Amino acid sequence: MYDLIVVGGGPAGLAAASAAWEKGVKKILILERDRELGGILNQCIHNGFGVKTFGEALSGPEYADRFERMVAESGIEVKTDTMVLDIDENRNVSAVNPVDGYVTYKAKAVILAMGCRERTRGAISIPGTRPAGIFSAGTAQRYMNIDGFMVGKRVVILGSGDIGLIMARRMTLEGAKVLACVEVMPVSSGLRANIARCLDDFGIPLLLSHTVTDIRGNKRITGVTVQEVDSRMVPIPGTEQYFDCDTLLLSVGLVPENELTKKAGIGLDPRTRGAYVFENRETENEGVFACGNVLHVHDLVDYVSEEARFAGEAVADYIENGERPKESFLLTTSGGVTYTVPQRIRKDSGMKLVNIYLRINRKVKKGDIVISADDMEIARYHKENLAPGEMITVALPSVLMQKVSGSDMMDVSLEEVP
Amino acid sequence: MREMTCLECPRGCQLSIDEESLEVTGNSCEKGEAFARAEITNPVRVLTTTAVIESGTDAMLPVRTQDPIPKSRMFEAMRFIKSLRVKAPVEVGDVLVRDLVGTGVALIATKSVKK
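Going down the list, the sequences are from chains A and B.
Here the first sequence stands for residues 27 to 444, where the numbers follow the working numbering.
Here the second sequence stands for residues 595 to 709, where the numbers follow the working numbering.
A couple of the hints might just be wrong.
[Unchecked claim] With a cut-off of at most 25 angstroms between alpha-carbon atoms, the simulated BS3-like pairs for lysine-lysine come out as follows: (1) K288(A) - K391(A); (2) K134(A) - K49(A); (3) K391(A) - K665(B); (4) K665(B) - K179(A); (5) K378(A) - K409(A); (6) K378(A) - K132(A); (7) K105(A) - K625(B); (8) K676(B) - K179(A); (9) K203(A) - K676(B); (10) K625(B) - K409(A).
[Claimed, not checked] Cβ-to-Cβ under 7 angstroms is the rule here; a few derived chain B residues that face chain A: (11) P656; (12) V689; (13) V691; (14) K705.
[Claimed, not checked] A short list of chain A residues far from chain B (calculated; beta carbon distances all over 12 angstroms): (15) R95; (16) D112; (17) K179; (18) R196; (19) T198; (20) R258; (21) K288; (22) L294; (23) N381.
What the hints contain is simulated information worked out from the structure, not anything from laboratory work.
A quick note: this is a predicted structure, and the numbers were derived from the prediction, not measured.
In this text, a Cβ means the ideal position worked out from N, Cα and C, and glycines have one as well.
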């Protein structure tokens, strides 16, 4: 019997496990399907991780190394090459690996830290042929940075998510010509800093409100047609541009990898595509927690680590004191707030401040995040330079929630300020 | 006036610098001010890439410059790193090249790779 089993040994799993260990949880097991710990950080060789956590800019593998050391110096058990197949309602975790075969472990608590996967061409339905040379940006990143294979020479990137931007620079440095980065939305979902250092530094054009409307080539891709789109994202006739390319990278978003969560019967929020969680990151199933990109897609690994440490500490509290009463506020969203994490805040959370993470649907120069219940304003936070690509955090004092008497709901909304 | 995005941290402040007086606005910290001045005189970046590693458990070794190097030297540095053959084992932080293409900046390993 383990106190805690962590599913996934990426940044979330490593931080959650080490935080739980530091809080006194003794029998911890991390299950990782890859041959090594670190998750996606191993292929993110670029710089800029850890500014918040360590006060210096590290590459992905360096950032992972810091957490791997913490785990190695603790008594946390790790099994790599191990695929978790099933988690049942009694927290029996079934997994398979080449050494132990098929095994079932029992745990007092489970942390889901499986991270996310990339959306694919199928998810965005681009017309055209089915040649080789079309990669999700993260797959290309793995081929190049882990395996050492150059994936192409003349490249178009569809989508301006951060991985796409990072790959634009990476491929340029390795000698490829990146012809354009094409984004269907009028704004990029990538960090402003990444647009500057990955595209602008190398003179790579960013075509906003444009998309790929045709793919050509039989064996290998030979080119793509790019068209401007109108405000309803419909391609505008007469705006076709043809790019002669041998590679198309897709950076069209990430989807939390929740097959295990679904199988376990845990409720998923269609907005985040992650589990519904309470303020301590516990899901609807008692003793099962979730954190990191499997819960909602974060902008920075630093935020993943922060959330995961918090979840690890919450597990320590759960193991010591049992589950807190489920009586809680349900958070609703309006005015352009697209989701919140957590979705529920317990009335007796035992916390002075509850951090609420949220995203909005448009760029706003100045705006207030307003929390209300029963049409009564509970809290208001002034924010500047808001964008869909950048997560917003507000800290709600528990004393303010105690003022709410008649309702079990709280609404989180965005009000623009002139 | 020149406009730019600060690259010192993920916050990405929008900076403006007066090219004559070198006065910087839009920054939230001191780093932003220094960044904007460097950007119009000698823009620098940390270079990250991979090098071939021999007899190790991995095919490629992720590497970076210990400090930023001039932007104008990036492709020259890339050509040099391509010619490197690193021998495993390597520890994270190991100096692979003391002075990368005469920039005075070291190239370091960013991952430990066992033999």
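Results for each hint:
1. Our distance criterion of 25 angstroms between C-alpha atoms is broken by K288(A) and K391(A), whose separation comes to about 38 angstroms.
2. Taking the CA atoms of K134(A) and K49(A), the gap is near 15 angstroms; set against the 25 angstroms cutoff, the hint holds.
3. With a C-alpha separation of about 32 angstroms, the suggested pairing of K391(A) with K665(B) is violated against the 25 angstroms cut-off.
4. As the CA atoms of K665(B) and K179(A) are separated by approximately 22 angstroms, the hinted pair is consistent with the 25 angstroms bound.
5. In summary, the hint linking K378(A) to K409(A) is supported, as the alpha carbons are separated by about 22 angstroms, within the 25 angstroms threshold.
6. For the suggested pair K378(A) and K132(A), the alpha carbons sit about 33 angstroms apart, so the restraint of at most 25 angstroms is broken.
7. For the hint linking K105(A) to K625(B), the alpha-carbon distance of about 42 angstroms lies beyond 25 angstroms, and the restraint is violated.
8. The straight-line distance between the Cα atoms of K676(B) and K179(A) is roughly 17 angstroms, inside the 25 angstroms bound, and the hint therefore holds.
9. The suggested pairing of K203(A) with K676(B) holds, with an alpha-carbon distance near 18 angstroms, which does not exceed 25 angstroms.
10. As the CA atoms of K625(B) and K409(A) are separated by approximately 22 angstroms, the hinted pair is consistent with the 25 angstroms bound.
11. Nearest Cβ of chain A to the Cβ of P656(B): about 4 angstroms, under the 7 angstroms cut. The hint holds.
12. Annotation: interface hint on V689(B) violated; nearest CB of chain A at approximately 14 angstroms, more than 7 angstroms.
13. Nearest Cβ of chain A to the Cβ of V691(B): about 16 angstroms, over the 7 angstroms cut. The hint is violated.
14. Residue-level restraint check for K705(B) holds (minimum Cβ-Cβ distance to chain A is 4 angstroms; threshold 7 angstroms).
15. A Cβ of chain B approaches the Cβ of R95(A) within 12 angstroms, the least distance being about 9 angstroms, so the stated non-interface status is violated.
16. Every beta carbon of chain B lies more than 12 angstroms from that of D112(A), the smallest distance being close to 31 angstroms; the non-interface claim holds.
17. Residue placement check: K179(A) keeps its beta carbon more than 12 angstroms from all beta carbons of chain B (closest about 15 angstroms).
18. Distance check on R196(A): its Cβ comes as close as 8 angstroms (rounded) to a Cβ of chain B, failing to clear the 12 angstroms threshold; non-interface status is violated.
19. Remark: the non-interface label on T198(A) conflicts with the geometry, its nearest Cβ contact in chain B lying 9 angstroms away (cut-off 12 angstroms).
20. Distance check for R258(A) against chain B: the nearest CB is about 30 angstroms away, which clears 12 angstroms, and the non-interface claim stands.
21. At roughly 32 angstroms from the closest C-beta of chain B, the C-beta of K288(A) stays outside 12 angstroms, upholding its exclusion from the interface.
22. At the 12 angstroms boundary, the C-beta of L294(A) stays outside the reach of chain B, the nearest C-beta of that chain being 28 angstroms off.
23. The claim that N381(A) is not at the interface with chain B holds, since no C-beta of that chain comes within 12 angstroms of its own (minimum 18 angstroms).
Of the numbered hints listed earlier, those contradicted by the structure are 1, 3, 6, 7, 12, 13, 15, 18, 19.
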